[in-house]
Amino acid sequence: MTKQQANWSPYDNNGGSCVAIAGADYCVVAADTRMSTGYNILTRDYSKLCKLADKCVMASSGFQADVKALQKHLAARHLIYQHQHNKQMSCPAMAQLLSNTLYYKRFFPYYSFNVLGGLDNEGKGCVFTYDAVGSYEKVGYSSQGSGSTLIMPFLDNQLKSPSPLLLPAQDAVTPLVEAEAVDLVKTVFASASERDIYTGDKLEIVVINADGIHREYMDLRKD
Amino acid sequence: MNCMDSKQPETGLLGPESDSQRTLYPYVTGTSVVALKYKDGILMAADMGGSYGSTLRYKSVERMKPIGKHSLLGASGEISDFQEILRYLDELILYDNMWDDGNSLGPKEVHNYLTRVMYNRRNKFNPLWNSLVLGGVKNGQTYLGMVSMIGVNFEDNHVATGFGNHLARPILRQEWHENLSFEEGVKLLEKCMRVLLYRDRSAVNKLQIAKITEEGVTISQPYSLKTHWEFSAFQNPTQGAVGSW
Chain A
1 MTKQQANWSP YDNNGGSCVA IAGADYCVVA ADTRMSTGYN ILTRDYSKLC
51 KLADKCVMAS SGFQADVKAL QKHLAARHLI YQHQHNKQMS CPAMAQLLSN
101 TLYYKRFFPY YSFNVLGGLD NEGKGCVFTY DAVGSYEKVG YSSQGSGSTL
151 IMPFLDNQLK SPSPLLLPAQ DAVTPLVEAE AVDLVKTVFA SASERDIYTG
201 DKLEIVVINA DGIHREYMDL RKD
Chain B
1 MNCMDSKQPE TGLLGPESDS QRTLYPYVTG TSVVALKYKD GILMAADMGG
51 SYGSTLRYKS VERMKPIGKH SLLGASGEIS DFQEILRYLD ELILYDNMWD
101 DGNSLGPKEV HNYLTRVMYN RRNKFNPLWN SLVLGGVKNG QTYLGMVSMI
151 GVNFEDNHVA TGFGNHLARP ILRQEWHENL SFEEGVKLLE KCMRVLLYRD
201 RSAVNKLQIA KITEEGVTIS QPYSLKTHWE FSAFQNPTQG AVGSW
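As given, the protein sequences belong to chains A and B, one line each in that order.
Per UniProt numbering, the very first residue in the first sequence carries number 1; after that it's consecutive.
Per UniProt numbering, the very first residue in the second sequence carries number 1; after that it's consecutive.
No false leads were mixed into what you were given.
Below, a list of computed lysine-lysine pairs in the BS3-like style, where the Cα atoms sit at most 30 Å apart: (1) B/Lys69 <-> A/Lys68; (2) B/Lys39 <-> A/Lys222; (3) A/Lys202 <-> B/Lys39; (4) A/Lys222 <-> A/Lys202.
Everything labelled a hint here was simulated from the structure, so no lab data went into it.
Use the sequences and the hints to build the structure in full.
This is the structure we're talking about:
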């Protein structure tokens, strides 16, 4: 019998876009809920957001099975941290842990593209953006995933972050108020779903502020 | 003296293919499984063909099996890998039962277990070549999920593997609703299976429909669908296609 299938691959790209925006006293983290493989939609209602700590949410796209393994690993590590220190991990600490976790699998990577959003110890919004092998950077806003090529330049245009080369270092948080940031996120996803076939169905937005975590949804294009 | 002629052993990242002990491609495969939630539980359909490449080699392969008290598993892909998964699950259920504590594994737990098994095997570059559909009912909760060969997993109100994803899910998305009765559910599944029979070359007209509710699993006897091959498009497929041979 001749071989009929293409060579097996341990990876797949299940698509999806993630966005996070940090403000002075809040952080918005958002992702669409579509999960695809090739030209197929597997499901229209799969959450890409994961609450890692009280003030820390991760949005991940890429290969769903790796993302799930990564989320479970971080949850387990956070549980150990709580037992050892009797407190929730801070967002910057979780950011370092995520980087180390990704780099630990440098030569068989987790195929996941993450943005981590939350509040730092002063209650200020913070966003960390990653590549699949753990390089990370603290920024004021970021986008990852299939629609990032459409979303990121739009955010750059609207938010104009100060250059990271400036000395003394400038604060990266955006000047927007919370409601404006949420509106901006809705706009970028509505735009991305016009052109990116892997982004659509529904938008899940999480807002982290002093009051805690608040979640809302918005419908996107389903085609 | 053509050194290109000397047969070099195929040494890729995974070593020579000839003495590999891994599933690099499937041998005997089953095609689509289609399943949906309905009023009282889950309905699942699969035909009974086992293809050896493009040869329809086996015609009575049962591709849906009950797992424990509350779950039903359907599989497409490599039949032998599916049977190995059934052995894993039998052991899992047996060892869980030996605690004799009155607890039992529900569909959610079984689905999660399958997720880990599939992902673990892909991490070893030795996949179980299947798409699995797991449905079940426990404590009034209906559950329907899928796992792929490389560990991608999700839940939905209706799922389909392989060709079913292309041909059956659009029908399901259009016609499915929460309060489907048993009769309506079976009718909808038969509609999907008929489309698959017409358009999926590895589908055979011998299928089973399985039902799982709070009362337990029932898998139907094999039966056939009524077909109609006298459509003019089937009789003369190129008529009207100007310029086609």
